Each structure stands twice: as structure tokens, then as C-alpha cells.
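Novice: Spelled out from the first residue to the last, the chains are:
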Amino acid sequence: MQPIQDKDFDQLFKNAFEDAEITPSRDLWSNIESEIEPKKKRILPIYWLSAAAVLLIATIGFLVYQQQEVKPKQFANNVEPKTIKPIIETTQVGDSVKALGVVIEKTEQVSPSNSKPAVALAKSSVKEAVKSTQNQKAITAPEMQKQETIIAKVEEPKQEIIKRKIEEAIQQPKEETVIAANLGSVKADDVSGDYGQSENKGIRNVGDVVNLIVNKVDKRKDKFIQFRTDDDDSSLSSINIGPFKIGKKNRK
Amino acid sequence: MEGCKAGDRKMQELLYKQTASKMLAVCMRYAKDRMEAEDVLQMGYIKIFQKIKEYRGDGSFEGWIRRVMVNTAIESYRKNLRSLNVVEIDEAYEQPSTGFDFGTLGMQDLMKVIQKLADGYRMVFNMYVIEGYSHKEIGETLGISEGASKSQLSRARAILKEEIIKMEGFGYATYTG
Chain A
1 MQPIQDKDFD QLFKNAFEDA EITPSRDLWS NIESEIEPKK KRILPIYWLS
51 AAAVLLIATI GFLVYQQQEV KPKQFANNVE PKTIKPIIET TQVGDSVKAL
101 GVVIEKTEQV SPSNSKPAVA LAKSSVKEAV KSTQNQKAIT APEMQKQETI
151 IAKVEEPKQE IIKRKIEEAI QQPKEETVIA ANLGSVKADD VSGDYGQSEN
201 KGIRNVGDVV NLIVNKVDKR KDKFIQFRTD DDDSSLSSIN IGPFKIGKKN
251 RK
Chain B
1 MEGCKAGDRK MQELLYKQTA SKMLAVCMRY AKDRMEAEDV LQMGYIKIFQ
51 KIKEYRGDGS FEGWIRRVMV NTAIESYRKN LRSLNVVEID EAYEQPSTGF
101 DFGTLGMQDL MKVIQKLADG YRMVFNMYVI EGYSHKEIGE TLGISEGASK
151 SQLSRARAIL KEEIIKMEGF GYATYTG
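Protein chains in written order, with this note's numbering: chain A, 1 to 252; chain B, 1 to 177.
Isolated chain A, as found in the complex (with noise of 0.2 angstroms):
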């Protein structure tokens, strides 16, 4: 026997798997197949996430900017005519409840969430804007409490062309909201009763915050995002973008 060249070495080799073919398991191609479906179906949700994050907080960033310029009218007026004429006091009285009413029926429906960008977003520059509620909430407490029942049913019509007011003076940066209004009149029902409770709760936390700017400017019942402050500390508990919607309610 002759030592082999390694050209023919290889060459043995090379011609021995030129064509040489095994067969795969059977079940291969199956896992092959569950390994692209699946890729496919996580992609859209990724950009659905992504384009509803840049939309939610460009949102929130324009309404904290309306906020801020809406806020400061609103006290001047109800500070206003209370020297002046003690009747409209109370029927003021009866707006800042109704203002905190507003505020509560968020923390009522606040939960927990990681939506830091937007709350950052929201945090300084609404801050601002609480703290005048809760000036407005020291002076009128006690009447607010003995007139709290009443202004609740009698003042509901009054409710409805402030919370036009208010809209109208945000500019409703979308159509969906004035449409909802009807929708959240009837809501408003719903959460009169719960005024009295709500009101210990006052505003702890951030969630708190935007729920509240929220709550001003979206009136439909499934909010375009809040927070759930039940516990120490907020977390994101639905979102509604037109068709895109997530939500944590039932879990309540």
C-alpha cells in the first residue's frame, strides 16, 4: 500500500459527501415552522407599543402644557366673585367641589405602572396646578361637606356647562372627547356617590396627578391612560388610544 497524498485524501472525502444526504428527524420541520409563526405575531404588537408610547406622551405633554395655562384663569375667577357677591360664592363653592369631584373619580379608578416618561413628563409642571386645587379645597371644606349632597344632584346641569367650559378653554385637542362628553355625564352619576369617601383620599402620589389632568380633559368612561392608587404606589391600569386599549380593570 501506497502513503496517500493528501490532494487524494481530500478529494476521497470530498467526493464522499458531494451528495451525501440524511434524513432529519420527522418532527423538525414542525419546530421549524412554530419558530417563525410565532416571530411574526410579536413583531406588530412591538410597533403597535412603541407608536402608542410616542403618542401617549406627546399627549400628556400637551395637555400639561394647556394645563398650566388653563389653571391659573380658573382661580382667578372663582376668587373673584366671592368679595364681591356672596350668592356666586356659593355656587363657586359648589364648581371646586366639583372640581374635586373630578379629581377623585381618578383616584377612584387608579392603578399601578411603570409609565415613568409620561409621569416625569407630568410631574413639575402639574404640580403647580394641584397645589391651587388644594388651596381651593382648605377654604371651602367645611361648606363643601354640608353642601356637598346637594350640589351633587342640584348642580348637575351646572357641572355640564363647566365641564364644557373647560374643555373648550383646553381646545380639546381631540374630537373623541367632546363626543364622550354625553358618555361622561352619564358616568358622572355613578361616581356623585362616592365624593364623600373619595375625597379623604386627596392626592398622594403621581398617578393621582395625571389621573386628574386625565380626567379633565377626557370625559369617556375608558380613560386614554390611568393609574391605580390604591396602594402606596401608582401603577398604569388602562389605556385607551382609539382602537388600541389596554386595560387592568377587572382585576380591581
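Rather than coming from a laboratory, the hints here were simulated on the basis of the structure. The model shown is predicted, which means the values in this text are computed figures rather than measured ones. Beta carbons: idealized from backbone N, C-alpha and C, even for Gly. Hints may contain errors.
[As the list claims (entries may be wrong)] Partner residues aside, some chain B positions facing chain A, computed with beta carbon under 7 angstroms:
{"id": "1", "residue": "Y45"}
{"id": "2", "residue": "I46"}
{"id": "3", "residue": "M107"}
[As the list claims (entries may be wrong)] Some but not every residue of chain A turned toward chain B, in silico, with C-beta under 8 angstroms:
{"id": "4", "residue": "K14"}
{"id": "5", "residue": "W29"}
{"id": "6", "residue": "Q66"}
Starting from the known structure of chain A, arrange chain B on it as the hints suggest.
Specialist: Chain B alone, transformed into the frame defined by chain A:
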């Protein structure tokens, strides 16, 4: 093929059925065992279906599929790169001085001896001998020097020859030393 580009699942399955056994033979050469080979095969096909739009029609379609498969195998080797083959390199193998009768050895036998090689040797041997890469390309792909590629190839050859002689000796008792 057009169906595969459009993501038609039926056409993808057809492509798989037509090519999979050939491609598994490719993967087997690069793997230690069948399980590892089938893992690479699976990754390779997923890659093929993702990249099929990039195939422009230059060269044969099967050649393209084979290239993707080989690249997948190399990638998988690099991911699992262990220090193991460094130890193996130091093992000295004498070049067997005798020749042997290859006629009796089938593809399965050759596959067995290739799979027994240390990972690094197996890579270099496959890439150089079967796929026709140059030592320079192998060095760049595996992150070793051109010289290392050459020396690993000759060691791989030596080991293979020795193994084959052993095999023939056991199988046919005709080996005379």
C-alpha cells in the same frame, strides 16, 4: 422559491422537504452529533426563510442555501467556542506512513471520524477540504492566524488517517501495520 419569498408556508415546507436531508449532511460534518446538527439545521432554515428576499439569483439556489447553512454552523461553533481545542492542538500525531483502501469506507464511516475530531480541527478541515475556503478566509472567519489554520488542517488529516486505519483494522483485519 417565489412562494418562499412571499412567505408562503406551503412553499417553505416544500423547499425544506427538498433540501433538508442534504443540508443535514452538511450540518453533521460540522457538529459533534446528530442532535447538535439538527439544532444547526433548524437555525439555518429559520435564517434562510428570513433572508430569502436577499437571494438575487446569482449562483444556484441550493448553493446559496448551503452557504447559509455552513455560515450558521460556523456561527454556532464560534458561540460555543471552548478552550477545549487548545488542549487538543498540543497532542502530537504521527503522520501514518501506510496507505489504505478507501473503497471499503462509506460516507457514514467518514462522518463518524470527522465528528470525532476536536471542534477546531473539524471546522478547519470542513471549511478547507469540503467547502474550499482558503486558509486566509478560514483564519479570518475563525479568528485564528493563517498559519494556525494550516497546521490544524494537517493535524486533522493525520488524526483522520489514523482513525481510518484503526477502523479498517477492526472491520476487516487486513491492516498489516
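Novice: For this structure, which hints from the list above don't hold up?
Specialist: The structure conflicts with hint 6 only, although it agrees with all the remaining ones.
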